[in-house]
Amino acid sequence: MAGLEKTLGTDALKVALRLCHRESFFLDQVDLSRDQERRRFIERAAEETGLTPDLLKRDLGKLLLAVEQAQVELLKPQEENTQVVTLTPEEREEALAWLKAPDLIGRLRDAFRKSGIIGEETNLLVAYLACVSRKLERPLAIIIQSASAAGKTTLMDAVLNFFPEEERIKYSAMTGQSLYYLGETNLKHKILAVVEEAGAEKASYALKLLQSEGELTIASTGKNPQTGKMVTQEYHVEGPVMLFLTTTAIDLDEELQNRCLTLAVNDTPEQTGRIHQMQRERRTLAGLIAREERKDLLKKLHNAQRLLVPIEILNPYAPKLTFATTRTRNRRDHEKYLTLIDSMALLHQHQRARVLQPINGRMVECVEVTLEDIALANQLAPEVLARALDELPPQTRRLLGHIRTLLGNQRGSGSVKSAATFSRRELR
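Residues in the sequence shown are numbered from 3 upward in steps of one, following the numbering used here.
It should be emphasised that the hints constitute simulated quantities derived from the structure, not laboratory data.
Remember, it's a predicted structure, so these values are computed and weren't measured experimentally.
We put the beta carbon where it would ideally sit given N, CA and C, even for glycine.
Treat the hints loosely; a few may be bogus.
[What the hints assert, rightly or not] Lysine-lysine pairs mimicking DSSO-like chemistry, simulated, CA-CA at most 30 Å apart:
#1 K172 <-> K210
#2 K102 <-> K301
#3 K172 <-> K302
#4 K16 <-> K59
#5 K297 <-> K116
#6 K190 <-> K302
#7 K116 <-> K302
#8 K64 <-> K231
#9 K297 <-> K102
#10 K116 <-> K172
#11 K190 <-> K102
#12 K116 <-> K102
#13 K210 <-> K190
#14 K190 <-> K301
#15 K172 <-> K64
#16 K301 <-> K116
#17 K302 <-> K231
#18 K16 <-> K231
#19 K16 <-> K190
#20 K102 <-> K302
#21 K297 <-> K190
#22 K172 <-> K297
#23 K322 <-> K297
[Unchecked claim] Here are the in silico distance ranges between beta carbons for each label pair:
#24 R115 <-> R364: 14 to 24 Å
#25 F325 <-> T88: 38 to 48 Å
#26 E167 <-> L98: 15 to 25 Å
Could you build all of it, start to finish, from the sequences and the hints given here?
Here's what the structure looks like:
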């Protein structure tokens with residue numbers, strides 16, 4: 003039997019039935035809810051297979067009851083994804099030891115070097131902290147922008163590999179309405195990764211709402227499976243969710259870009275040479291050993307992420323912090339800067355004292371930001387946020403720098419008198 007899923011939300015039970023008996027068989031489409039079609043199927047099947055009509059009628063009646071029950075089960079709302087991984091005492095102890103290490107950021111940098119990605123330390127650390135921020139009420143979002151084949155998807159995959167599968171959802175593309183039907187809590191405190199921003203273009207409005215509002219709600223018209231009448235159904239998707247996108251586009255959706263941290267992959271010839279060297283080393287015995295060791299490392303890192311829980315972050319130094327005010331978009335960039343600091347505190351929650359604050363008659367558990375968190379954010383923010391303020395994409399900005407260097411050299415040699423000229427060959 004096949005085709006039952008196509009009848010959902012209708013009064014019909016039209017399916018394709020195949021009856022096999024010894025060397026003979028009979029195949030036909032029949033609406034099991036109609037007596038006339040059941041009689042016709044029994045008559046034709048009896049002729050083709052030699053079975054008695056009474057036997058066929060009895061078995062078809064049993065099948066009808068089973069099909070009705072199957073349709074009811076298919077109409078039930080999809081269960082939420084509530085996959086829970088239970089750690090053994092040994093795994094929990096090992097993961098806690100990792101999270102409580104005084105040099106946790108140093109260990110992370112070392113793990114990045116072992117992940118199979120050469121260089122890109124700032125991008126890796128910023129993207130990692132952004133993924134950690136999924137546990138906050140207003141997570142960060144990331145767009146990796148680079149030319150084709152520069153390694154943006156490799157960078158995304160390297161970061162995602164540090165997080166357990168149940169904490170991340172990855173798609174190649176999304177339709178305009180798909181986000182609304184993912185299940186009410188399937189995205190809550192998760193990482194939503196889309197390999198190409200163009201693949202999420204139709205869903206960009208929903209993505210922007212999900213990032214800024216932390217939830218999605220849509221009213222959709224559908225047929226009531228019991229009455230057959232058209233009714234309005236409400237679908238709700240809870241956040242917060244951390245968005246992770248890659249793109250080759252130079253001109254991005256401005257509203258989406260304003261909500262994200264933009265990272266640029268290093269596409270210099272020197273970096274390409276380092277990547278080639280790493281690719282060759284992967285083919286050696288040392289490369290094989292590194293891949294096997296990486297499996298154990300990733301398992302430990304996954305378990306460490308499973309031990310992080312959503313918790314309120316207090317920043318006692320926030321009133322003393324300063325930020326640029328020259329542009330309107332600095333308002334959003336300032337929030338990203340503060341969230342980057344909060345992500346650091348969240349990552350260190352197992353080595354910080356928990357602070358209980360009485361608020362409106364209840365005790366709220368908090369973790370406080372330290373000066374070390376702010377110092378690291380101050381190292382990362384200028385490079386990352388400066389890209390967001392630049393009107394030119396990173397690749398174009400580098401090209402402009404090369405042109406200026408070339409013209410500066412020409413002026414130094416006295417070859418430039420008035421108009422500045424150069425050829426593509428010279429620029430290369």
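Evaluation of the provided hints:
no.	hint	in the structure
1	K172 <-> K210	holds, 17 Å
2	K102 <-> K301	holds, 17 Å
3	K172 <-> K302	holds, 21 Å
4	K16 <-> K59	holds, 17 Å
5	K297 <-> K116	holds, 10 Å
6	K190 <-> K302	holds, 23 Å
7	K116 <-> K302	holds, 14 Å
8	K64 <-> K231	holds, 29 Å
9	K297 <-> K102	holds, 21 Å
10	K116 <-> K172	holds, 23 Å
11	K190 <-> K102	holds, 26 Å
12	K116 <-> K102	holds, 21 Å
13	K210 <-> K190	holds, 16 Å
14	K190 <-> K301	holds, 23 Å
15	K172 <-> K64	violated, 42 Å
16	K301 <-> K116	holds, 14 Å
17	K302 <-> K231	violated, 53 Å
18	K16 <-> K231	holds, 19 Å
19	K16 <-> K190	violated, 38 Å
20	K102 <-> K302	holds, 13 Å
21	K297 <-> K190	holds, 27 Å
22	K172 <-> K297	holds, 20 Å
23	K322 <-> K297	violated, 43 Å
24	R115 <-> R364: 14 to 24 Å	violated, 44 Å
25	F325 <-> T88: 38 to 48 Å	holds, 43 Å
26	E167 <-> L98: 15 to 25 Å	holds, 21 Å
In terms of the numbered hints stated before, the structure departs from hints 15, 17, 19, 23, 24, listed from lowest to highest.
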